[in-house]
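What follows is the residue order along each chain.
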Amino acid sequence: MKKTNDLILQTVTKVISFIIILFSIHLFFAGHYTPGGGFIGGLMTAAALVLLLLAYDIKTLDKILPFDYKLMTAAGLLIAVLTAAGSLLFNVPFFTHAYDYFDLPLLGETSLHTAVLFDIGVYMVVIGITMTIIQTIGESE
Amino acid sequence: MINLPLLPILIPLLAGVILMFFPKRIKAQRTISIISTVATIAASAVLIAEIRQNGIQTLNLGSWPAPFGIPLVSDMLSALLVLTTGIVTLAVIWYSIYYLEDEYERYFYYIAVQFLMVGLNGAFTTGDIFNMFVFFEVFLISSYLLIVLGGKKAQLRESVKYVLINVISSALFVAAVAFLYGVVGTLNMADVSVKIAELNDPGIITVIAIFFLLVFGLKGAIFPLYFWLPGSYHAPPIPVLALFGALLTKVGVYAIMRTYTLFFYHDTGYTHMILGVLALLTIVIGSIGALAYKDVKMIIIYNIIIAVGVILYGVAVMTPDGLEGAVFYLLHDMIIKTALFLLIGIMMAIAGSSHLKSMGGMIKEYPWIGWTYFVAALSLAGIPPLSGFIGKLLIVRGGFDAGEMIGPLIILGSSLIVLYSAMKIFTNGFWGTPKEYTGAKAHLASRLWIPAAVLMVIAIAYGVGAEAVRPFITQAVEPLINPAIYIEAVLKE
Amino acid sequence: MEFLMCIIVGILFASAVYLILSKSLLRIIIGTGLLSHGAHLLLLTMSGLKTGAAPVLSDNVTSYTDPLPQALVLTAIVISFGVTAFFLVLAYRTYQELGTDNMEEMRGTESHD
Numbered sequence: 001m002k003k004t005n006d007l008i009l010q011t012v013t014k015v016i017s018f019i020i021i022l023f024s025i026h027l028f029f030a031g032h033y034t035p036g037g038g039f040i041g042g043l044m045t046a047a048a049l050v051l052l053l054l055a056y057d058i059k060t061l062d063k064i065l066p067f068d069y070k071l072m073t074a075a076g077l078l079i080a081v082l083t084a085a086g087s088l089l090f091n092v093p094f095f096t097h098a099y100d101y102f103d104l105p106l107l108g109e110t111s112l113h114t115a116v117l118f119d120i121g122v123y124m125v126v127i128g129i130t131m132t133i134i135q136t137i138g139e140s141e
Numbered sequence: 001m002i003n004l005p006l007l008p009i010l011i012p013l014l015a016g017v018i019l020m021f022f023p024k025r026i027k028a029q030r031t032i033s034i035i036s037t038v039a040t041i042a043a044s045a046v047l048i049a050e051i052r053q054n055g056i057q058t059l060n061l062g063s064w065p066a067p068f069g070i071p072l073v074s075d076m077l078s079a080l081l082v083l084t085t086g087i088v089t090l091a092v093i094w095y096s097i098y099y100l101e102d103e104y105e106r107y108f109y110y111i112a113v114q115f116l117m118v119g120l121n122g123a124f125t126t127g128d129i130f131n132m133f134v135f136f137e138v139f140l141i142s143s144y145l146l147i148v149l150g151g152k153k154a155q156l157r158e159s160v161k162y163v164l165i166n167v168i169s170s171a172l173f174v175a176a177v178a179f180l181y182g183v184v185g186t187l188n189m190a191d192v193s194v195k196i197a198e199l200n201d202p203g204i205i206t207v208i209a210i211f212f213l214l215v216f217g218l219k220g221a222i223f224p225l226y227f228w229l230p231g232s233y234h235a236p237p238i239p240v241l242a243l244f245g246a247l248l249t250k251v252g253v254y255a256i257m258r259t260y261t262l263f264f265y266h267d268t269g270y271t272h273m274i275l276g277v278l279a280l281l282t283i284v285i286g287s288i289g290a291l292a293y294k295d296v297k298m299i300i301i302y303n304i305i306i307a308v309g310v311i312l313y314g315v316a317v318m319t320p321d322g323l324e325g326a327v328f329y330l331l332h333d334m335i336i337k338t339a340l341f342l343l344i345g346i347m348m349a350i351a352g353s354s355h356l357k358s359m360g361g362m363i364k365e366y367p368w369i370g371w372t373y374f375v376a377a378l379s380l381a382g383i384p385p386l387s388g389f390i391g392k393l394l395i396v397r398g399g400f401d402a403g404e405m406i407g408p409l410i411i412l413g414s415s416l417i418v419l420y421s422a423m424k425i426f427t428n429g430f431w432g433t434p435k436e437y438t439g440a441k442a443h444l445a446s447r448l449w450i451p452a453a454v455l456m457v458i459a460i461a462y463g464v465g466a467e468a469v470r471p472f473i474t475q476a477v478e479p480l481i482n483p484a485i486y487i488e489a490v491l492k493e
Numbered sequence: 001m002e003f004l005m006c007i008i009v010g011i012l013f014a015s016a017v018y019l020i021l022s023k024s025l026l027r028i029i030i031g032t033g034l035l036s037h038g039a040h041l042l043l044l045t046m047s048g049l050k051t052g053a054a055p056v057l058s059d060n061v062t063s064y065t066d067p068l069p070q071a072l073v074l075t076a077i078v079i080s081f082g083v084t085a086f087f088l089v090l091a092y093r094t095y096q097e098l099g100t101d102n103m104e105e106m107r108g109t110e111s112h113d
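Chains as they are written, first to last, in the working numbering: chain A, 1 to 141; chain B, 1 to 493; chain C, 1 to 113.
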């Protein structure tokens with residue numbers, strides 16, 4: 001195959017992918033009271049990874065981020081299920097979440113919510129699943 | 001313990017997630033699967049005891065009160081189905097340990113079985129119609145994995161059709177939920193029932209009822225929609241086929257049973273007549289198929305279709321006897337079909353083929369398997385005092401009570417055909433002159449027989465001990481006859 | 001607006017049926033995609049395209065859009081996304097194994113032969 005010129009894409013990707021990942025993390029934390037959350041954040045992070053994948057190739061991505069995405073999916077599911085199942089210990093219905101307001105340094109008064117833990121699970125599952133799908137389709141070519 | 005109705009969903013879910021961390025370690029996979037399934041059975045047994053004492057158990061997930069949140073509603077019917085699902089799955093996992101090649105087990109087999117159980121138990125337990133769709137998808141996606149696992153040519157070819165049919169029916173399910181939500185503005189099944197009663201607009205409700213019949217009929221394989229079933233179920237190996245045949249079509253049947261007794265009971269003249277006619281046609285088509293084939297898998301597969309018709313006829317007549325018979329027969333059929341599939345799996349393992357031509361005279365070498373099969377066949381046809389008898393008796397009586405003649409007669413006639421088709425396997429497979437058998441797994445026969453025999457013992461106990469089981473079935477039918485019980489338990493007015 | 005949406009849903013369903021009835025596996029998969037999109041749009045339309053504030057908790061807003069259909073559609077989209085991905089991989093494997101993507105040539109089972 002003729003070698004294609006992807007210099008522009010590669011250079012832009014180096015900058016853009018970090019911006020996308022930063023924004024996805026912002027979306028993730030914005031989640032509870034404003035639009036955003038684990039699912040959308042995860043999807044956006046996965047989009048950044050897919051951009052890297054397009055600009056470079058699977059091997060390079062493996063070298064930068066040596067994750068097993070199937071394990072990541074499993075870990076995310078486990079976190080999500082265990083967070084939800086935590087309510088079993090307090091004998092309240094499954095999925096019941098707890099929250100409270102804390103005075104944190106720098107951030108001031110912040111509401112901390114157990115739903116964030118659940119969302120971290122969702123975030124990981126979404127990245128894991130999306131990357132597994134992309135890799136499965138990509139590898140067989 | 002207010003989370004009790006959730007445990008049969010949560011235990012296999014946790015087990016499935018944990019199994020995902022080490023898919024290649026077969027021993028650990030087997031052990032954890034069995035532990036989780038036994039735990040699920042134990043949890044559902046406790047749940048049944050609880051329901052027997054205190055009535056319907058509900059759980060509002062996330063502490064959002066009904067009708068705003070998603071409730072889990074365990075009445076006796078769903079709890080009994082959850083228990084039976086657990087028993088069937090345990091037997092199949094036990095059987096798979098010996099039957100399947102190691103290579104097969106390494107590719108997420110046990111994980112898919114656990115997630116299948118999550119989806120089934122969830123669909124049986126949930127009290128929210130959209131949540132039911134989600135649980136349907138959970139077990140469907142697991143079933144896609146199970147049907148394609150192995151990657152043989154026939155499997156790939158058939159799984160394309162299976163996936164296509166189910167994707168279409170899922171899209172229709174979403175559309176049906178859309179219509180329902182547009183009309184009543186709620187998804188909580190008890191609340192939907194209340195709103196439909198207030199609405200007093202039978203026309204639109206009938207349209208939605210037929211829509212739901214299409215969706216669940218595709219899953220449950222009723223008459224015009226059964227066409228995908230024989231081909232797709234023929235492709236995967238026996239343990240997967242046993243799971244599919246015993247459980248997947250039954251979810252469709254359960255969903256029809258639930259929606260047609262809870263939502264669409266106002267204008268039964270139209271909807272239930274259609275359901276009844278389709279059920280009878282299903283029986284006829286299934287009988288023709290069961291007579292026509294000389295392939296053991298195909299004969300039993302067509303028997304699934306007959307059973308679906310028989311159960312749905314019991315639902316369609318909507319008399320207490322008919323419904324009670326339907327529930328009784330539903331549970332019986334789940335157990336006996338699994339046992340039959342496991343038994344013909346042994347026959348195929350011995351003969352190395354699924355065609356009756358390659359079998360004969362097995363009773364000489366494997367008398368135990370032969371006689372177990374004989375009892376299973378009699379039970380399938382409904383010979384007293386075995387478990388198929390009581391269910392069919394009640395359904396037929398329900399049909400006569402409703403003033404119908406043709407329906408009960410077709411069911412009685414189908415029993416003869418079921419008996420003939422099952423005995424065809426017995427006479428051709430076990431009698432006659434023994435043949436040279438080349439099956440690679442023949443030496444496993446006695447080990448494979450144990451789970452099938454355990455299931456048969458349960459089935460016989462279920463039939464002989466019908467007197468003891470009857471109160472549970474009666475309690476299961478109460479909310480079907482009188483939806484107010486269900487509604488009150490969920491909305492707690 | 002609802003009227004327009006209903007027509008679009010109809011067009012989506014019609015093209016989906018046309019594609020699903022064709023012989024090429026890839027077209028069939030695109031058809032299932034259109035079918036689920038039609039169903040999702042129907043779900044949004046049937047529950048009413050109300051105007052109002054975003055269904056997010058904030059002060060001085062009294063009229064909210066019904067958040068439930070959006071949650072339902074999101075769930076359904078995610079599911080159909082996963083299933084479509086699976087279906088595509090399955091179709092690719094089938095094409096590799098059987099050497100065809102023509103449904104006409106994928107008829108029958110062994111017992112019918």
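Hint data in this document are derived by calculation from the structure and do not stem from the laboratory. Misleading hints may appear alongside valid ones.
Now the stretches of chain B that chain C is said to cover, found in silico as 3 or more residues with beta-carbon under 8 Å [what the hints assert, rightly or not]: (1) 163-176; (2) 301-310; (3) 473-483.
Dumping the calculated DSSO-like pairs for lysine-lysine here, alpha-carbon to alpha-carbon at most 30 Å [what the hints assert, rightly or not]: (4) B:27 <-> A:70; (5) B:24 <-> A:70; (6) B:195 <-> A:70; (7) B:24 <-> A:59; (8) C:23 <-> B:195.
Every residue, glycine too, gets a C-beta built ideally from N, C-alpha and C.
Hint by hint, here is what the structure shows:
no.: 1; hint: 163-176; verdict: holds (count 9)
no.: 2; hint: 301-310; verdict: violated (count 0)
no.: 3; hint: 473-483; verdict: violated (count 0)
no.: 4; hint: B:27 <-> A:70; verdict: holds, 20 Å
no.: 5; hint: B:24 <-> A:70; verdict: holds, 13 Å
no.: 6; hint: B:195 <-> A:70; verdict: violated, 44 Å
no.: 7; hint: B:24 <-> A:59; verdict: holds, 24 Å
no.: 8; hint: C:23 <-> B:195; verdict: violated, 44 Å
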